[in-house]
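Trainee: One-letter residues, chain by chain:
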Amino acid sequence: MTTATLTITWTAICSYSRLEAERGVAALVDGVQIAIFRTYSGELFAIGNRDPIAGAQVMSRGIVGTRGDTPTVASPLHKQVYDLRTGECLDVAGVAVPTYPIRRNGDAVEVAVDKP
Amino acid sequence: MSEKKRLVVAGYGMVAQRFLEAFAEREAPGWSVTVLAEEDRPAYDRVRLSAWFDDYDAGALHMGGAPDGVTVRLKEAVTGIDRERKVVHSPSGETPYDALVLATGSRAFVPPIAGSDLPGVFVYRTLDDLAALKDWATADGRKVGAVLGGGLLGLEAANALKLLGITTHVVEFAPRLMPLQVDEGGGAVLKRHIEALDVTVHTGRGCAGLEGDADGVRRMLFNDGGSLDVDVVVVAAGIRPRDELAEPSGLARGPRGGFTVDAACATADPAVWAIGECAALSLDEAGGVCYGLVAPGYAMAEVVADRLTGGEATMARPDTSTKLKLLGVDVASFGAPFADGLDVVVTDQVTGVYAKLLLTDDAKTLLGGILVGDASAYPTLRASLGGPLPAPPLALLAPAGDGSVKAELPGTAQVCSCHAVTKDHVTDAIAGGCTDVPGLKACTKAGTGCGSCIPLLKQLLAAGGVVQSKALCEHFTYSRQELFDIIRVRGIRSFSELVTAHGTGRGCDICKPAIASILAVTNSGYILDGEEAALQDTNDHFLANIQRDGTYSVVPRIPGGEITPEKLIVIGEVARDFGLYTKITGGQRIDLFGARVEQLPQIWHRLVDAGFESGHAYGKALRTVKSCVGETWCRYGVQDSVGLAIELELRYRGLRAPHKLKSAVSGCARECAEARSKDFGIIATEKGWNLYVAGNGGFRPRHADLFLTDVSTEELIRTIDRFLMYYIRTADRLQRTAAWLEAMEGGLDHLRAVIVDDALGLCEELDAQMARHVGSYADEWQATLQDPQRLARFVSFVNAPGTPDPDISFEVERGQKIPARGPVPVTLGGAR
Ligand SMILES: Cc1cc2nc3c(=O)[nH]c(=O)nc-3n(C[C@H](O)[C@H](O)[C@H](O)COP(=O)(O)OP(=O)(O)OC[C@H]3O[C@@H](n4cnc5c(N)ncnc54)[C@H](O)[C@@H]3O)c2cc1C
Ligand code: SF4
Chain A
1 MTTATLTITW
11 TAICSYSRLE
21 AERGVAALVD
31 GVQIAIFRTY
41 SGELFAIGNR
51 DPIAGAQVMS
61 RGIVGTRGDT
71 PTVASPLHKQ
81 VYDLRTGECL
91 DVAGVAVPTY
101 PIRRNGDAVE
111 VAVDKP
Chain B
1 MSEKKRLVVA
11 GYGMVAQRFL
21 EAFAEREAPG
31 WSVTVLAEED
41 RPAYDRVRLS
51 AWFDDYDAGA
61 LHMGGAPDGV
71 TVRLKEAVTG
81 IDRERKVVHS
91 PSGETPYDAL
101 VLATGSRAFV
111 PPIAGSDLPG
121 VFVYRTLDDL
131 AALKDWATAD
141 GRKVGAVLGG
151 GLLGLEAANA
161 LKLLGITTHV
171 VEFAPRLMPL
181 QVDEGGGAVL
191 KRHIEALDVT
201 VHTGRGCAGL
211 EGDADGVRRM
221 LFNDGGSLDV
231 DVVVVAAGIR
241 PRDELAEPSG
251 LARGPRGGFT
261 VDAACATADP
271 AVWAIGECAA
281 LSLDEAGGVC
291 YGLVAPGYAM
301 AEVVADRLTG
311 GEATMARPDT
321 STKLKLLGVD
331 VASFGAPFAD
341 GLDVVVTDQV
351 TGVYAKLLLT
361 DDAKTLLGGI
371 LVGDASAYPT
381 LRASLGGPLP
391 APPLALLAPA
401 GDGSVKAELP
411 GTAQVCSCHA
421 VTKDHVTDAI
431 AGGCTDVPGL
441 KACTKAGTGC
451 GSCIPLLKQL
461 LAAGGVVQSK
471 ALCEHFTYSR
481 QELFDIIRVR
491 GIRSFSELVT
501 AHGTGRGCDI
511 CKPAIASILA
521 VTNSGYILDG
531 EEAALQDTND
541 HFLANIQRDG
551 TYSVVPRIPG
561 GEITPEKLIV
571 IGEVARDFGL
581 YTKITGGQRI
591 DLFGARVEQL
601 PQIWHRLVDA
611 GFESGHAYGK
621 ALRTVKSCVG
631 ETWCRYGVQD
641 SVGLAIELEL
651 RYRGLRAPHK
661 LKSAVSGCAR
671 ECAEARSKDF
681 GIIATEKGWN
691 LYVAGNGGFR
701 PRHADLFLTD
711 VSTEELIRTI
721 DRFLMYYIRT
731 ADRLQRTAAW
741 LEAMEGGLDH
751 LRAVIVDDAL
761 GLCEELDAQM
771 ARHVGSYADE
781 WQATLQDPQR
791 LARFVSFVNA
801 PGTPDPDISF
811 EVERGQKIPA
821 RGPVPVTLGG
831 AR
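Top line first, the protein sequences correspond to chains A and B. Take the first sequence: its letter number 72 is residue 72 in the working numbering, and every next letter is one higher. Take the second sequence: its letter number 177 is residue 177 in the working numbering, and every next letter is one higher.
There may be inaccurate statements among the hints.
[To be verified] Below, simulated BS3-like cross-link-like pairs (lysine-lysine); rule was C-alpha separation at most 27 Å, straight line: (1) B:Lys191 to B:Lys143; (2) A:Lys79 to B:Lys660; (3) A:Lys79 to B:Lys191; (4) A:Lys79 to B:Lys441.
[Claimed, not checked] Not the full set, but computed from the structure, chain B residues with beta-carbon under 8 Å of chain A: (5) Arg506; (6) Lys512; (7) Ala533; (8) Ala534; (9) Asp537; (10) Thr538; (11) Asp549; (12) Gly550; (13) Asp807.
[As the list claims (entries may be wrong)] Computed beta-carbon distance windows for the label pairs: (14) A:Ala21 to B:Asp98: 28 to 38 Å; (15) B:Ala778 to A:Arg18: 21 to 31 Å; (16) A:Ala21 to B:Gly775: 27 to 37 Å; (17) A:Leu90 to B:Val629: 44 to 54 Å; (18) A:Asp91 to B:Glu247: 49 to 59 Å; (19) A:Ala21 to B:Gly802: 25 to 35 Å; (20) B:Asp710 to A:Ala21: 13 to 23 Å; (21) A:Asp91 to B:Asp428: 14 to 24 Å; (22) B:Asp705 to A:Arg18: 35 to 45 Å; (23) A:Asp91 to B:Asp68: 21 to 31 Å; (24) A:Asp91 to B:Pro255: 26 to 36 Å.
No lab work stands behind these hints: they were computed from the structure. These numbers come from a predicted model, not from an experiment. We put the CB at the ideal spot given by N, CA and C, even for glycine.
Please model the entire structure based on the sequences and the hints provided.
Mentor: In C-alpha cells, the structure reads:
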C-alpha cells in the first residue's frame, strides 16, 4: 500500500443557527448525501444520509437521543440506532454508516468530504 | 438467462407459508421459488378457521402472503410428479424443479356411510367448506344439525352450527368426547360443559347412514336403531394426508398414509421433501407417522429451509401437546397422557374442572396430562414434561389461586413448543439483556407461535430478576401512565423539563414520540413548535407517512368516507400533477404515495385550498370513522350512520393517543362498516346506538365488546369522550385499546365503573380534557403553510433546497409509478 495524500476540503453547508437541536438536516456535497445533526449540548455530527439497511436516504430524519453516554440517531424507517460519533449501528452488528468531519467556523457549519 | 436453481412448493397452506418465510429469512439468492396451490387464495390461518364465523371476513385469516420474489400460482394443483425428468405437472403444463417440497396437507375424511354425498352434508377443512355450510344452514327452514365426530374438529363445527342458529347434536362413536386427547374422566367433565351450552351429545353412538333426497339430507340413522331428523350434517370424522401424488410417482407412503420422510424431512428421492400434515415422519417407526397439528409442521418447514441452504437440521420427536378453547371450555392435553404410570387426578364437579397428571412410577418424572375446564397450569406443566414436577402435584393443579406457581423448571424444559425454545434459551436471552416479552420474542422467537407460553415467559423474566419494569426506556423509570400523571400534575410543558427533572440522558426514539404524544394532549397545541419538533417521529415531523424509499404518502381527511365529486376531482388532479400513486385505503379515503419532502407543502397547499385538511394518517391519533351509507339510502338502515361518523371524526380528529385509533359506524345490525373490529364501533338500533369498545383488526384481531345498548347520541358521545381520555391517560406506549382493556384489572366492569358510574371521580376531568381538545383543534397542514419558519423544514437539502433527492427513482406498474425495485445493498464492516 502506498500512502495517499488527502487534502481536506471543507464545504460550508448552512449557518449554525439554521440547525435545530436534535433535529437533522440533509446536505448534498459533490453528489454525496450527508445527514447533519446538532445535539442538545451543541455538538455537531455528520454521517451518511443513506440508511444502510433500508437503502433510502433518510438518516437525517431520524430521532436524535442518547444511549448511555453515546449520542445517537435512530433510522426513521426501521428504528435501528446508530452511534453519531462512529457511525456504527448499535443494534445490528457489522452495519455502519460513514462519518464525515464537521466543524463550526464562525456561524458557518462546514463538512469535509474527502475526494481520492 | 438465469442460472438459478428452481425450488417448487406443492401446496400453499400454513406449513408452506412458514417454509417460504423460513427460506426467505435464510437469504438464498441462488434459488427461484414457485408455489403451486390448489386453493384460490394464499395460505390462511386454518387453526383459527372457525373465527371466520365471527365476522365472515376471510381477510382476517390471511397469513401475510408470500415473501418478495416468490411466484405463487393459485388454483394450479400439482397433478403429477415426473421424478426422472424432475418436473411437476399441473393443468397449465410442466414446471421443472431442482428441489420439490410437498406441503399438500390433509383432506377431511368421510367414512363410507350411505348418504354421505347428499346435499346438506359438509366437511370442515377449508374456507370454501365453511362458506358452503353457512349458505346452506342459514337458508329458510333449516333448524336441526348433527356433527359426526366429537373430536377437536367436531366440537369446533358444533360451535359453528350453534352460531348459525342451528339446534346442534354431536355424535361420537367412542364412549367420550375428544377421545384422542382426553380420558374418560376428562371426557365426562367436558360433556357436561358442552351440554350446558344446549348442544346434545350422543357418545357411544355410531352413525349407520344418512337419508334424504335431492333437496337435502333429512335423517341420521344410528347403529342402535334410533334416528334423528336433521337438516344439515357436518362430517368431522378425522383427516387423511393428501398423498395421492405418492403412488403414481413411486414415492413411499406411511402405514396410515403420507409421504414417508426421514428426520431431515427428505423422501427417498434426495430432490423431494415433504412437510406438514402430508409428511409421514419416520424417526424410528417404520413408514412414519403423520402429525395433525401445526407446530410439528412448522418445525419440519424450518428443517427443510435449513437443509436447502446448507444446514443440517433434523426433526426432534414432535410435541403433540395442545391447548384449546372449545365452545368456551379450556381443554389441554400434553405429553403422553395415556401411557402407563402413576395418575394424579383432581375432579371438581362444582366448578367443572378436571385435571390429570401422569407420572413415572417413582413419581419423579412428568409423562403427560389432561386439563379440562381450567388450563392455567398448562404452560408450566408442558414445559416440565420429561423432568421433575416443579411443585407438588396438588399445588400445581389446585384451582389457581394466583396462578403463580413457584416453578423451578429444568433448563432443558421446552418453554415454547412452536419454536422449540428451551428455558435455557430464554434465561440466556434474559441474561443477555432482554427485559420484556417483545424482546424475548425477537431474540428467541418464543411466544410468536400460538402464544400459550407468554405467561411463562413473564414468569421467567420475573425470576431472572427483571422487575417487569414498566419503565418506558433507559431514560425514564416511569411507565407511560406515570409520566402522564407527572406531566399533568406538575404542569410540565417540554421534554427537556421532564427529562432533566425526572429522567436521564437525552431520550431516544421510544420515549420522545411517547412524550410528544402526552404533551400534545396536555398542552393541546401545534405539535411542531420549539423543542417538540425534535421529539416527533419523522411521520409526525413531516405530517406525512414515510415509505420504504424515503418518500412520503399524503392522506387528506375524508370524514366518514363521504366526499363530493368536486373534491374527488381535486384529489385526482393533485395526484396527476405531482405524479403520485393513488390507492383507496381500508379507512375509506385516498392515499397519495411518492411525494418528496420538498413537494409536501405544495401538495397540501392545493388540497387545503380545496377545503381538505390533514387526515392524520401519520399520527398515533384518530385515523378514520368509517361508515356505511345508512338510513339515508340503504333500505335496511335505521339511523344516519354517515352523519354520526362525520360528527365523531370531526370531534376526535387530531387527538394524539398511545396508538392509532380507528372507528366505524354501521346503520343497522348487518354491520357493513365492520364497526366491531374498531377501537370504538357504533351500530345503529331502532332505539338509538350500541357502542362497542376495544376491537382490533391487524396482527391479532379482536372483536369489540358491547359496552352500551340503545343509547342517545348525546350519551354515546359522552361515553366515547371518556373512554378515549381514560385510554390516553392510562395505556402503555403503543398499546392499542384492545390490549389495554385486556390488561386492565377488572376488565370491562372496571372500565364501566370508571367512565359510566364515575367510581374514581375522574369523569369531570376527562370531560374537560376532551372539551379542551375539541376547542383547540387546528389543522396542522394549514398551520404549517402559514408559517415560513415551519415551512423551512420542508427542503430536500439544506444547502440545495431545490434539488430533489437524486436517489429516488420510480418504475411503472399497472399504469402507476412505484418505487424502483433495485437491489437493496447492505453496507457491512466499519465506517467508510
Ligand atoms: C377447523 C380446524 C381447526 C384446527 N385447529 C388446530 C389447533 O387448534 N391446533 C393445531 O395445531 N392445529 C389445528 N388444526 C390443524 C392445522 O390447521 C393443520 O395442522 C395445518 O393447517 C397443516 O398445515 P399444512 O400446510 O400441512 O396443510 P394445509 O393447511 O391443509 O395446506 C395444504 C394445502 O395444500 C393444498 N394442496 C393439496 N394438494 C395439492 C396439490 N396436489 N397441489 C397443490 N396444492 C395442493 C391444499 O388445497 C391446501 O391448501 C386445525 C384444523 C382445522 C381444519
Ligand atoms: S349496516 Fe345496515 S344500514 Fe348500513 S349499509 Fe349495511 S344493511 Fe345498510
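Trainee: Evaluate each hint against the coordinates.
Mentor: Structure-based check of each hint:
{"no.": "1", "hint": "B:Lys191 to B:Lys143", "verdict": "holds (22 Å)"}
{"no.": "2", "hint": "A:Lys79 to B:Lys660", "verdict": "holds (18 Å)"}
{"no.": "3", "hint": "A:Lys79 to B:Lys191", "verdict": "violated (51 Å)"}
{"no.": "4", "hint": "A:Lys79 to B:Lys441", "verdict": "holds (17 Å)"}
{"no.": "5", "hint": "Arg506", "verdict": "holds (4 Å)"}
{"no.": "6", "hint": "Lys512", "verdict": "holds (5 Å)"}
{"no.": "7", "hint": "Ala533", "verdict": "holds (6 Å)"}
{"no.": "8", "hint": "Ala534", "verdict": "holds (4 Å)"}
{"no.": "9", "hint": "Asp537", "verdict": "holds (7 Å)"}
{"no.": "10", "hint": "Thr538", "verdict": "holds (4 Å)"}
{"no.": "11", "hint": "Asp549", "verdict": "holds (5 Å)"}
{"no.": "12", "hint": "Gly550", "verdict": "holds (4 Å)"}
{"no.": "13", "hint": "Asp807", "verdict": "holds (5 Å)"}
{"no.": "14", "hint": "A:Ala21 to B:Asp98: 28 to 38 Å", "verdict": "violated (57 Å)"}
{"no.": "15", "hint": "B:Ala778 to A:Arg18: 21 to 31 Å", "verdict": "holds (26 Å)"}
{"no.": "16", "hint": "A:Ala21 to B:Gly775: 27 to 37 Å", "verdict": "holds (31 Å)"}
{"no.": "17", "hint": "A:Leu90 to B:Val629: 44 to 54 Å", "verdict": "holds (52 Å)"}
{"no.": "18", "hint": "A:Asp91 to B:Glu247: 49 to 59 Å", "verdict": "holds (52 Å)"}
{"no.": "19", "hint": "A:Ala21 to B:Gly802: 25 to 35 Å", "verdict": "holds (26 Å)"}
{"no.": "20", "hint": "B:Asp710 to A:Ala21: 13 to 23 Å", "verdict": "violated (54 Å)"}
{"no.": "21", "hint": "A:Asp91 to B:Asp428: 14 to 24 Å", "verdict": "holds (19 Å)"}
{"no.": "22", "hint": "B:Asp705 to A:Arg18: 35 to 45 Å", "verdict": "violated (51 Å)"}
{"no.": "23", "hint": "A:Asp91 to B:Asp68: 21 to 31 Å", "verdict": "holds (23 Å)"}
{"no.": "24", "hint": "A:Asp91 to B:Pro255: 26 to 36 Å", "verdict": "violated (50 Å)"}
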